[in-house]
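J.: Here are the chains, one letter per residue:
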Amino acid sequence: MADMKLRMGDARERRSVPGSAGEAQLRSILATVPDAMIIIDDKGLLLSFSAAAEKLFGYSESEVIGENVSMLMPSPDRERHDSYLSDYRRTGKRKIIGIGRVTTARHRNGNVFPIELSIGEARVDNRKIFTGFVHDITARRQTESRLQDLQSELAHVGRLSEMSTLASSLAHELNQPLTAIASYCEGARDLLNGKLDEDRLETLREALTEAASQAVRAGEIVRRMRDFISRGETEYSVENLHRLITEANALALAGCRQYAIDVQVALDHSAESVFVDRIQIQQVLFNISRNAIDAMIDSPIRSLAISSVAEPPGFVTVSIEDTGSGISDSVAAKLFQPFVTSKQSGMGIGLSICRTIVESHGGRIWFERAVGGGTIFRVTLPRAEVDDEQL
Amino acid sequence: MPWNTVRLELAQCPEFPHGSVGRGYLVRVPLNNAGEIDKNTLEREPHKASVRRFWSSDPDEVGHIVPVDGHFAFRCEGQPDRLIPIQSQLSLGNMVEIICHKGKRMTFRIADIRPLQTR
Chain F
23 MADMKLRMGD ARERRSVPGS AGEAQLRSIL ATVPDAMIII DDKGLLLSFS AAAEKLFGYS
83 ESEVIGENVS MLMPSPDRER HDSYLSDYRR TGKRKIIGIG RVTTARHRNG NVFPIELSIG
143 EARVDNRKIF TGFVHDITAR RQTESRLQDL QSELAHVGRL SEMSTLASSL AHELNQPLTA
203 IASYCEGARD LLNGKLDEDR LETLREALTE AASQAVRAGE IVRRMRDFIS RGETEYSVEN
263 LHRLITEANA LALAGCRQYA IDVQVALDHS AESVFVDRIQ IQQVLFNISR NAIDAMIDSP
323 IRSLAISSVA EPPGFVTVSI EDTGSGISDS VAAKLFQPFV TSKQSGMGIG LSICRTIVES
383 HGGRIWFERA VGGGTIFRVT LPRAEVDDEQ L
Chain C
282 MPWNTVRLEL AQCPEFPHGS VGRGYLVRVP LNNAGEIDKN TLEREPHKAS VRRFWSSDPD
342 EVGHIVPVDG HFAFRCEGQP DRLIPIQSQL SLGNMVEIIC HKGKRMTFRI ADIRPLQTR
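In order, the protein sequence lines correspond to chains F and C. According to the numbering used here, the first sequence is numbered sequentially starting from 23. According to the numbering used here, the second sequence is numbered sequentially starting from 282.
With the rest of the complex left out, here is chain F:
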């Protein structure tokens, strides 16, 4: 704690140093730069906070100088940021510097909102500093996410239409094995009516073997149809679950700032690597979070809680809980079927897409009713056994 006081004092003193021409120039930039600009030292303590940052986060510069920048982040980044910095000091390996990332930030009032963060580093007076540019992407993401939503819906509808054609053409093919199975079974039943000598028994065995083989064939036809429906360019790779959730959250929260959604993220640190198609799983997480937010808009309490746990074996279970009005029994019974929805707008195929995607990953998706009336969606994703440090 003494060390903290010293560093805080340090930061505050540096700010009060009489302004040189360079500092005046910097002040002028900080006052006018349109994106929020934040400067921190290599321990994460705030050195500078632009006028746009004051507006974006709700704090004045004088209040935050010397504080840890992690106060501007929601969990779990809040408690991890110090270790991100120390890892960078130790390894020199860049994970975000110079790259930029879509993530979330927390306003003074507690609300979480989506941002695009770009970070640069510099050396001043032999001390390393980091400069963060924070761009509020609420409005932009709202448009983009709706577009993405529409595109995925259209793509799925297109596939459903193709499926309809496919189903017609396959109906004949599927009908053949089913007719054969019926015939073999009827034949077997007739054979049982007479005396069962060795010849009849042999014929009976053959009939049942053929029936079983035709059933397998029918199954293959169905599987081919399913593969066709869920086809797409899937690229499985080891992904960081925390990043997937953060990015999906940022998208889902777009345009929702006025609803003051309380977001809590609590992840199991022991299971953060998953083996998935990043885009597809982001689509699933986005869909569920967005549904959750939509379900809460008319609720007095709007709380979105996302958590993960390393189970069952080989999988990670992600839970997304809302405090909305819940799902009616009539909708619940066929929730994951296409064209089922409780929304005024939307085609009701979001969750059917989600199920297709999750099941194609070998996982499961289901929902439970939460205490207090909301809904909890749970998704299992295949766990990747790698060192999280690699991601």
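Certain hints may be false.
What the hints assert, rightly or not - One side only, chain F facing chain C, incomplete, derived with CB under 10 Å:
hint	residue
1	Met-93
2	Arg-102
3	Ala-288
Said to hold, decoys possible - Heads up, simulated SDA-like pairs for lysine to any residue below, C-alpha to C-alpha not over 20 Å straight-line:
hint	chain 1	residue 1	chain 2	residue 2
4	C	Lys-320	C	Val-377
5	F	Lys-65	C	Asp-393
6	F	Lys-77	C	Glu-290
7	C	Lys-329	F	Ser-321
No wet-lab data here; the hints were simulated from the structure. What you are looking at is a predicted structure, and each value in this text was computed from that prediction instead of being measured. Using N, Cα and C, we set each Cβ at its ideal position, and we do this for glycine too.
Place chain C on chain F using the hints.
T.: Relative to chain F, chain C alone:
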């Protein structure tokens, strides 16, 4: 009486001579006209009340608010109760005292109060 979200920020203290806006509590409680937590409403709708402790780079602690003898307890999972006297006035700019672990008292400033939004 409406429910409110109240933000408490650490006031000046020897450890933090300027106070700290990065350390405090965000509580969702019903308030009466005097700015006190409305015990009856709270007991009627206990699930609606919540507390979130934010403390610089510590993990957030989230929990419920329950009445205990002469106090309301901020009860976060795995943490000892923090107590706020029942007569504390949660009015903008006021200072309130919270009794933490082992009786340590810390003062917080009411930095913001806003009614729970409904569309």
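J.: Now look at each hint and say whether the structure bears it out.
T.: Status of each hint after checking the structure:
1. Met-93: 3 Å, holds
2. Arg-102: 8 Å, holds
3. Ala-288: 8 Å, holds
4. C/Lys-320 - C/Val-377: 17 Å, holds
5. F/Lys-65 - C/Asp-393: With a Cα-Cα distance of about 29 Å, the restraint between F/Lys-65 and C/Asp-393 is violated, given a limit of 20 Å.
6. F/Lys-77 - C/Glu-290: This hinted pair holds, its Cα atoms lying about 19 Å apart.
7. C/Lys-329 - F/Ser-321: Holds - the C-alpha atoms of F/Ser-321 and C/Lys-329 are around 11 Å apart, at most 20 Å.
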